[in-house]
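Whenever a hint applies, use it, and build me the whole structure from the sequences.
Top line first, the protein sequences correspond to chains H and V. Letter 179 of the first sequence, counting from 1, is numbered 179 in this note's numbering, and no numbers are missing. Letter 1 of the second sequence, counting from 1, is numbered 1 in this note's numbering, and no numbers are missing.
There's no promise every hint is true.
Stated by the list, open to error - According to the in silico footprint, chain V covers these stretches of chain H (three or more CB under 8 Å from chain V):
id, stretch
1, 78-92
2, 104-111
3, 118-132
Everything labelled a hint here was simulated from the structure, so no lab data went into it. Quick reminder that beta carbons are idealized off the backbone N, C-alpha and C, glycines included.
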Amino acid sequence: MNEDPQHTAPGPSDGPEPLLKLRGIDKHFGPVQALTKVDLDLPAGNVTGLVGDNGAGKSVLTRTIAGVEQADGGQIYFEGRPVHIRHPRDAAALGIETIYQDLALADNLDIVQNMFLGREELRRGLLDEDSMERTAAQTLSSLRVTTVRSIRQPVASLSGGQRQSVAVAKAVMWNSKVVLLDEPTAALGVVQTRMVLDLTRRLRDQGLAVMVISHNLNDVFEVADRIAVLYLGRMVAQGPASGFDRQSVVEYMTTGSADGERGSGSSSGN
Amino acid sequence: MARTGDGGPVPEPPTSAASVAEDERDPTAAKATAEVPPEILAQSFGEYVHAWWRRVRSGDSGVLPVVVAMVVVAVVFEIITLQHAFLRPSNLIYVFSLSTVYMVLAMAEIVVLLIGEIDLSVGAVALLGGVIAFKLVQNPSPGWPWWAAIIVALACCGLMGAIQGTLTARLRIPSFVVTLAGFLLFRGILVVVLGGADGAVGVSAGVKNQTVIYDLVQGVITPTAGWVILVVLVLTVGVALWMRASARRRSGLVAPPPGLIAIRIGLVAAIGVGVVLISSVNRGTSLVTIQGVPWVIPIVLVVLGILTLVLQRTRFGRYVYAIGGNPEAARRAGVNVASVRIWAFALCSATAGFGGILLGSFFFGQYSTNTADPGQLVLYSVAAAVIGGTSLFGGRGKPLHGVLGGFLIGGIAYGVSLLQLGDLSTPLQYILPGSVLLIAVLVDVVSRRGTATGRVLRA
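Structure representation (structure tokens):
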């Protein structure tokens, strides 16, 4: 059942081993099977677009990688080693950062405070604000997030795209290697969407493995180097974005298979 | 959406300059600017005043309303009281002494309000804490040293808070139910500890070891010592502000303009000089001279300093604000949310216990079952916190708000009692603070709605 050809089809720039590799991940909630033998590769220096209809299991898969949920079966490999991610802390220790759709920013705290939340720097037992402010400013400028007026302004005063940028900067400040973005452009306008997609490309250019979960095929085709399609908890297609077109992705998303097999991106729907 | 061609090559990504320009056109950008604290953008004094005024007009007025209200209350009571007695130095000192209890209880309440909860038991916990401390210094038994008695009383209160916090944080029982039950329970325990419905306990100035507790509110520093303390305080604050700003400027960070720092130091000095001058007037009778700064003023400043340090310069404090703003964000950031909540309740109750010790000292060292109504204490402390500018919905506020709000509430309560309205006096003791609280909550809700709408617009 699991001789999917997509694993033999490496992404455009992936090395000998994907940075993060999932094999045969199973997850069920009571009688509901949310994920069935899901395989997924996230190579470094690539943006992988994870698409799928509502209820296809995108969020569960993301939460499994992030350590919020634990898989019932299967194995996760990080840099080739088998790892167990039982807690968000474990994921953070490996360098896996997740940016959820709701961003999880505290509106009443400023940008620096949000970026360092949970990992504050201390000096003589007290918060070292100046050091944190410098680091935050460097991270934001390395991502070319230049539209905020001051990094000491509360997050409540930021626009949607700026908030997304802060969430991304927060995630990558910790030498992370894998970044998962859950619906990063949902509820953003045209300008803000462009800002976030540019940022996503910059993460890839810095050599990170990026996964973008999205409903919006425009966005996925714009930034993704690789595409992975979930259908009812199964990974029905995975491969370089060049092997897909809109038509085939939509068919995979809605029926689990594509009529015309297209290039290396296709696979058996089973 | 943003794409021009279908499946074609990605259009040229805009340069960062272009994206800045596009963002400037964002209609919500102007509103966003207004919410930014003025000191982080302004580089000159003029800019600062301008930014500050814009922020006030956008609804985020900080401590301005409570300061204005204090001036209004002072002027009104001065005019309508008999013999225009309200602003006499002796009365002002008395109002401050009376208010210290509300100030400390309000600061306690703020800790819990910041995490988005409420503690209705602060009044009962305060009385219990005061009575425990007073009981422990009774001679000959148990005859504890005053400092040990205070520490144990605060620890007991902290434990009561921790228990209530555990019920709220672990079992997810709404805090107002838990602390309402706690309020009744502790009130009952208070009667037992006092030894029955007409039990009483007291400390007096004459007894060694009890003097310190008696003097917390009643004692005074000589005017000379008051001036010395003031000079030391102003110098410390000034040097600290100045060094911090220059350290930030050295490392390339934005710092408030020097003119602003000078004004802040000047403000602290002016208030301090005013307090010491007022305190130096003889407020005793023709037989007994009473002059000098009451101990309780530096004591309240110390409580304010400790709580401000804990809430704004420690990890725990940062998590308190984060939980008030977005508990889910705190949880995902790896913060042990339940533990921070429990500690916040414990800190609140321990602070309240100290307020209770001050309360006993204010009533000339006497505690009985009807010394103070714990229900009224709770309402006044919540009112003081909210009037001072702390949000009832969590995440916004600081200990200073409790001091300002407590002073206002104390001023109103005392002013009403001065009016000698007879039968009207008692109802007004409740009606006036109640109305002020309602107005303060309305301001809080409206300003929150303002930012919430802004957020929807931006999303």
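How the hints compare with the structure:
no.: 1; hint: 78-92; result: holds (count 3)
no.: 2; hint: 104-111; result: holds (count 6)
no.: 3; hint: 118-132; result: holds (count 8)
Going down the numbered hints, you'll see the structure goes against none, and every one checks out.
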